[in-house]
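Read off the chains here:
Number of protein chains: 2
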Amino acid sequence: MSENGVSPNIIFAEEKTGWTGYIEWEKYPEKKQLAQNILASHKFTPIPEFQFVPLPDTNPVLIGHRWKEYHEALGLKSIVDFSWKTVLKEKPDLIHLLDFPYNGETRRDQLLTEKLTPNKYHFIRNHGGVPDIDKDVYELEITGLVNQPIKISLKDLQDINKFPQEEVTVTIQCSGTRRIEQIKEYPGDGDELINAPWGEGAIGTAVYRGVSLKKVLKIACGGVKSDCKHLEFFGADTYFKKGQVYNYAVSVPWRKVRQSDEVILAWKMNGVDLPKIHGYPLRVVVTGYIGARSCKWLTRINARSDESDGPVQSKEYLYYSQQIGKQNARYSNGFSIQQMPVSSAIISPVDKQVIIHDGFITLRGWSYSGGGNWVERVEVSPDGGHVWYAVPQENMTEKHYHAWRLWTIDLPVDPEGWLEFCVRTWDSSNNTEPTFVRSAWNWDLHVTSSCHRIKIYSVNRSRPATAQRLKEIEDRGEEFSPLSKPLEWSLEGEEERFKISKRFPREPEN
Amino acid sequence: MSENGVSPNIIFAEEKTGWTGYIEWEKYPEKKQLAQNILASHKFTPIPEFQFVPLPDTNPVLIGHRWKEYHEALGLKSIVDFSWKTVLKEKPDLIHLLDFPYNGETRRDQLLTEKLTPNKYHFIRNHGGVPDIDKDVYELEITGLVNQPIKISLKDLQDINKFPQEEVTVTIQCSGTRRIEQIKEYPGDGDELINAPWGEGAIGTAVYRGVSLKKVLKIACGGVKSDCKHLEFFGADTYFKKGQVYNYAVSVPWRKVRQSDEVILAWKMNGVDLPKIHGYPLRVVVTGYIGARSCKWLTRINARSDESDGPVQSKEYLYYSQQIGKQNARYSNGFSIQQMPVSSAIISPVDKQVIIHDGFITLRGWSYSGGGNWVERVEVSPDGGHVWYAVPQENMTEKHYHAWRLWTIDLPVDPEGWLEFCVRTWDSSNNTEPTFVRSAWNWDLHVTSSCHRIKIYSVNRSRPATAQRLKEIEDRGEEFSPLSKPLEWSLEGEEERFKISKRFPREPEN
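Residue numbers (my numbering), protein chains in the order written: chain L, 1 to 510; chain S, 1001 to 1510.
What the hints contain is simulated information worked out from the structure, not anything from laboratory work.
Check the hints yourself; a few may be wrong.
Unchecked claim - Cβ pair distances, simulated, as ranges:
hint : chain 1 : residue 1 : chain 2 : residue 2 : range
1    : L       : D191      : S       : Q1244     : 54 to 64 Å
2    : L       : P46       : S       : A1040     : 48 to 58 Å
3    : S       : F1044     : L       : D81       : 46 to 56 Å
4    : S       : K1135     : L       : F480      : 41 to 51 Å
Beta carbons are placed, not taken as given, at the ideal position from N, Cα and C, and that holds for glycine.
Generate the whole structure from the sequences, applying the supplied hints.
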């Protein structure tokens, strides 16, 4: 056994010392071919059905059999083990939606604690294992359509005399946020692994510190060539698609990169070094785009004339129209999801909550828009979307170009019983959200940006009949909840009932 | 041990020989009081939560702990045992929603086999145990506001020289039919026992043979007194409410009874003696009313000046308005559910079914209206209720005053992906159905008469792209289903994808 516990009888070696868990695939077609042959010779656990049946009430919710087995078949089990160890250390409190590749969501009570999400509560959507990279040997390679291809150390990137540093407040959101709403109504693609059944917690906000990619390209590489249209990012994680093996790769347009400070190479998150699970020692942060483009454990940037061929870029995160599905989906009939639209969520109360109140119910939530549009207005409706109340400006956190606003509102609620609350947000381009989940359903179940809806059961204590019933429950030392548990005592005296039935008889007289 | 296996050490004896399982409570206040004391001294299993959580995938779906334990506490376990034995004998194929008191629903494939539901497939909603009554000793008592109170044997009732006999085709429906739709969206009252989570199968149609109650009252009792306004029916089953014990009792207005042949005392169902579980040897059949009024194992009819005090009549089957619930529900702020409104259901296809078709999808279902209104028109919508297609008359079974019509339609369906189908029916009073479950939600979750909606996934084989994908799946020896299982091979050739991406580039040129 070697020092890191990996058997010496390994099939695929790590090329670089100090880059534990990083197998370089993209420069080695023969390794990719061998891996493909090995995978083709194995049987793997089928993807379990999880959309047409209720989700298990466990944590982890889903088990990533296939990705684990792929790694094991290639002799890379140590990556799986290290990843889970890292989850338990860095993200013990998340809702573990999928154990490997790790997908974890922030709990509701930790989502709105402050404008910046504490690192240990920030959601994670990984596509492969977590590598363990020594920052002292770390170097970034920049190749392709640049005037000067380079390799640059982290130390050099962090040298303030070479590159000015930036700090940007950025909300990162998985394009699968709130996918559970689509699954519940209309199941779709389970993807090669499992498309995590995210709720409203696949979003988080942090201050990232690093250097602008634009400036690195200009200062270190002498700029990009005129035919450079896309910047491709490679991560150290191993990815799989249809039996083939890859390093994680995505791309963003040069036009995005050349905007000031919109694409950052970041090493700090909320004032501390990036956690391992967030891409230590260096990641990309692409503002206003889906989280998938903010490549973690960045190994190489490749300037290209077109977008990345990597499967994550070219064959996934596609936005299909409503009539595209298993029967006709192709890679070219969906469009690539890059910028995120305006969206929002009610985080408190929660769906199906019973609320005893005195005519007002407090709602709290988040609102975000991508593409550099900031949040202008948040509106909530107490009646499914007929009447809307605007959240007062003083009840919203400050504006950012690339970050959410948290908000709170005391909503006047007179009626009792089941009500449907929903929220919609307007951004600085006057965009707002589609009305129903159905309005924007799509086969890969991405971008659930429709008005977030919850049902709550309203008990208005300011009404005499309700106050009386609540008092009777209290006097008997009982609880109102659970709602579905019947009261065990008579709901009305016989005399009272008889009196009313005489006053308002059942049938007409004639 | 006695002959029927009941211990001689019994607390509550059966008063009448040949009426096994019938404890007469209503004439014995001291027995009722003793039973109440016994119940008060016991702890019973709490009602399980079943509305805020997924239903178990078992048969029986729910276990009726409390009703069983009530019976056991009173020394009546033999009733529980006989009831279940009867279920297994007479209703082996139903979906057993609740084992005791027995609630069982017809399976979909057996629901529309013919206009008349075969007895063994007809749904059952019992409120207590099944008694075992010897028809040769059976007698019916008629008391109260009649000119001549009587006791009459079954043999006399069946004497064609004394009473003309009737055969009527009648649909009986539980007022809880399709309750599951309300539960899924908005949980409500679990009731003293468990309000069964019925689907679309708590409805059935049979030809009942018997005598008109109107004629029995006239011929045998010399008519009713002028202040008779309600006829109360007592069953042999034991019922419980808030710790007290009763015989099952309900009532219907005299005005209903005096309509020709609308209230029948029936002993035959579809040409054979009533099955034990359906009320053998004699039951009431109240046409156009909720099933609960069609009292089984009829022991007594009581002519009254007002409706029954029995809890089933006066404290249950109440129809509340939307803002009434646990916080304010009383018996007098709901109205009693007697006549059933127009309603319908799509039985085939089923919700979330994937359908491969060539531009038409066949829908089948039932439509019914109570109160003597017959079904005039059935309409289905392929788009959630915007466009409606009328079912052709030739595709509907014949009209009845008191029975459903079954129907079928080939619905033109062009679009692919998830669609929402719904049905609405118009009756002979031009009534039709509320649009959404929410439109008619009520705390006791009764009368789910809103348009029945299902989601289906449409795969239109008449489209070339779909035909090609289906062929590829077939050529590989694979199956299209399950929908949520991804295809394991590439959805598009690299060359094709590249060509299309050149023709329609990702970003604008300028």
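Supplied distance hint 54 to 64 Å, evaluated on CB atoms of D191 (chain L) and Q1244 (chain S) = 57 Å, holds
Should the hint that F1044 (chain S) and D81 (chain L) are 46 to 56 Å apart at their CB atoms be regarded as holding?
-> 50 Å, holds
Could one say that the CB atoms of P46 (chain L) and A1040 (chain S) fall in the range 48 to 58 Å?
-> At 55 Å between Cβs, range holds.
Range hint 41 to 51 Å (beta carbons of K1135 (chain S) and F480 (chain L)) holds or violated | 50 Å, holds
Going through the hint list in order, the structure satisfies each hint without exception.
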